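Using the sequences and the accompanying hints, generate a full structural model.
Chains as they are written, first to last, in our numbering: chain A, 4 to 417; chain B, 4 to 417.
Copies of one chain are not kept apart here, so a pair can be met inside one copy or by any two copies together.
Cross-link-like lysine to aspartate or glutamate pairs, in silico, EDC-like; alpha carbons within 20 Å at most:
| # | residue 1 | residue 2 |
| --- | --- | --- |
| 1 | Lys64 | Glu85 |
| 2 | Lys234 | Asp217 |
| 3 | Lys234 | Asp216 |
| 4 | Lys359 | Asp310 |
| 5 | Lys64 | Glu35 |
| 6 | Lys234 | Asp210 |
| 7 | Lys234 | Asp212 |
| 8 | Lys359 | Glu315 |
It should be emphasised that the hints constitute simulated quantities derived from the structure, not laboratory data. Fair warning: this is a prediction, and the values are worked out from it, not measured in the lab.
There are 2 protein chains.
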Amino acid sequence: MSVGIRHDDLRRRNRAMVIAAVRRAGQPSRTEIAATTGLSHSTISAISSDLIGEGILTESKPSEAGSLKRGRPQVGLSLNPEAAAVMTVVLSLNFLSVAVIDYAGQVVAEEQRRLDTLTMSRDALIGECVAIVRRRLEDPDLDVRSIARIALAIQGITDTRARAMLWSPITPHTDIAFADILEDEFAIPATVENDCNMMAIALRWRDPDRYRDDFIAILLSHGIGMGLVLKGELFTGTHSSGGEFGHMIHQPNGALCRCGRRGCVEAYAGNYAIWRNARQLGEDAEPVADVSDADMRALATAARERDGPEREAYRKAGEALGYGLGSLFALIDPAPVAMVGASAAAFDLIEPALRKAIAQTAGGQHSKSISFDTEPNELPLIREGCAMRALTFVDQEIFAPGAQARGSAGKSVA
Amino acid sequence: MSVGIRHDDLRRRNRAMVIAAVRRAGQPSRTEIAATTGLSHSTISAISSDLIGEGILTESKPSEAGSLKRGRPQVGLSLNPEAAAVMTVVLSLNFLSVAVIDYAGQVVAEEQRRLDTLTMSRDALIGECVAIVRRRLEDPDLDVRSIARIALAIQGITDTRARAMLWSPITPHTDIAFADILEDEFAIPATVENDCNMMAIALRWRDPDRYRDDFIAILLSHGIGMGLVLKGELFTGTHSSGGEFGHMIHQPNGALCRCGRRGCVEAYAGNYAIWRNARQLGEDAEPVADVSDADMRALATAARERDGPEREAYRKAGEALGYGLGSLFALIDPAPVAMVGASAAAFDLIEPALRKAIAQTAGGQHSKSISFDTEPNELPLIREGCAMRALTFVDQEIFAPGAQARGSAGKSVA
DNA sequence: CTCTATTTTTTCGAGCCTCGAAAAAATACT
DNA sequence: AGTATTTTTTCGAGGCTCGAAAAAATAGAG
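See below:
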């Protein structure tokens, strides 16, 4: 049951609030912080002077823009880049990349690597992840002690506690407790996150006007993934990362899905499904392991050029996505959608059927008002989201320990 | 953006916490409250003495059971029934009922009434609701001034702010701002709630062991409704009451639904759909306005007796519910389900096909572990939930004003 | 160049709140 | 009747936020 608020929680929570305000606003003055948090100037003054003393914040020059004002100029507060650093690890199909990010959010080092994730042994996969992290940590240019957290993003299902990958399309192996493995190895707190959830977080940071409290990020790729933000918070399943939009049922007993079941949205809208339909292989044809981006582009070009099986394949994809979104919108009400990933570049081929389908569902009553945006490049988005998530953890758990306690006040996505 | 915690919020929140603890536990001692809330004995002592002084709590005799213990006996705290009262109004198809409930949760008065909701004019419908409330308020036995809140539950879609009914199957009229109407009329704060959400709240109070943080209540009735509790909180859409499980798409372009669209779960599993299939009228047959409980029982009896169209109708209903739940479980992970309503009595006919369908979905991987419970009588459940919701509002907004501020700490379903 | 108006930031005392320790209260056991 | 035990209250200490006032830092006016 919920727990009372202790007296010392108060300061911790307000510290977290101030740090969050600075991270969001970039270089706010104390006065601005007081306004956004609703706390008094005295309190902000006390907290920020603590935080500066601890090296978490630094004073920077007044925000250059409006310095024509009369009185004492505002002095901007910003995050001290050297206060800490985090490491992001993004593991996707045949690709592994890490980045070191300072406390202010700047990338200070990175490394990328191709692997054959589908055929690697479990130990080899884990080994590669550990090794690439170790190489970054051993980088002489880097103060190892400053790495306060590692966040690993992976395509597939993770558990709610962000400790393990439960299942992933990029490897046949399951239940890999990456968080424990990394923590045992490096003694740095680690979490495992779902890639689409990180996309959603990144979108929110990139465009907070459009992606604020309620929106959907859909990854159109070999498979179909989703990151969902509802009421300002990342929506996850009760046990897993959840939000397996791609495996909602579009056609009972329909096309064969990569997951072994039938009729999932993904079995119509994933790259392999579009490929299969475009090649007219039939819905029972075994999903191929991978379709190159070049092949998908060729398919899209063909579909644009003439009415044929390629165009029909995209139409079917749009229909599946549309009915899927319609069902989703029946549950959560319509919200803005971001289509992310290589196939988002072919959204023009998908959109008509999608809109037609969605218009026939409960959530689609005002389907014209549902807006779609596209972003073909998912990797930078995942990495950004991962970085923000890791930094937010540092903000809250390390620099304001105990503040994450309960209540969503400090738990908001960003 | 989120707001800092003021110093005076602290007491308010902890007051709310204590009240909630008493409401949940029934007759806890101060020591028990200290344990469940995590606050110190001194704090609990101070707060409870305030609350007793204000007439919100009362001291009752020690909890009779374990009074064989050694030391000073615990003195139980309980809600003062006279501290306030709330009124519930439940509006369902052709039926209107109100109840007055004291602060401790006991029904002190009630009234029920049959109406022809489908054919009534908008004003007549509103008029009946206002009139029945007025009759209760004018009851000489009742201290009118003590009614602190009115909660109206209605089948259909309400808005997130709980101010208005947006759409309902029980009436052709839409967008009725019942909350404003009642507040203008009686100057008592009012809310409008979705019936299935209230069912979920009631289930949680009735059986907190089974229905704790994550569960689903599904109303099997003329239509199909759902109340969903996730992570301890009632799940609603972003704009509406949401959770329109019945209008998730089961079969694109499938059977005609009462909502005018095609292929919704309800178009296979609602009473009218089962009836239509049992009578072999075809999927395009216009949904009938109402099927009597007696007719539905006859259908169920026939289905149990022989393999025929009746049995097939229930099979189809189970299949639709199963695939729908499967899609839902893809998003939120599996959770216990309560089947509520008259047709829950025919769940034996529905279950086999339901389990078979769910086993073919992503969420159904462990379909055997998904447990179903049935409760044929929805009305008492709706009223109970409504009462608890209204009382919780009083707990938080009236007796601990400002405490509902932000953070879910105090917002939990109960 | 000095003075004034203006705005931001810090300082300081007041008022709450929670906590821990100790005291008081109320009972069962010996 | 006295002792052990458990619950509840009391009381002082320590923290936190707030408002008001003071201090700091600048632009504009004369």
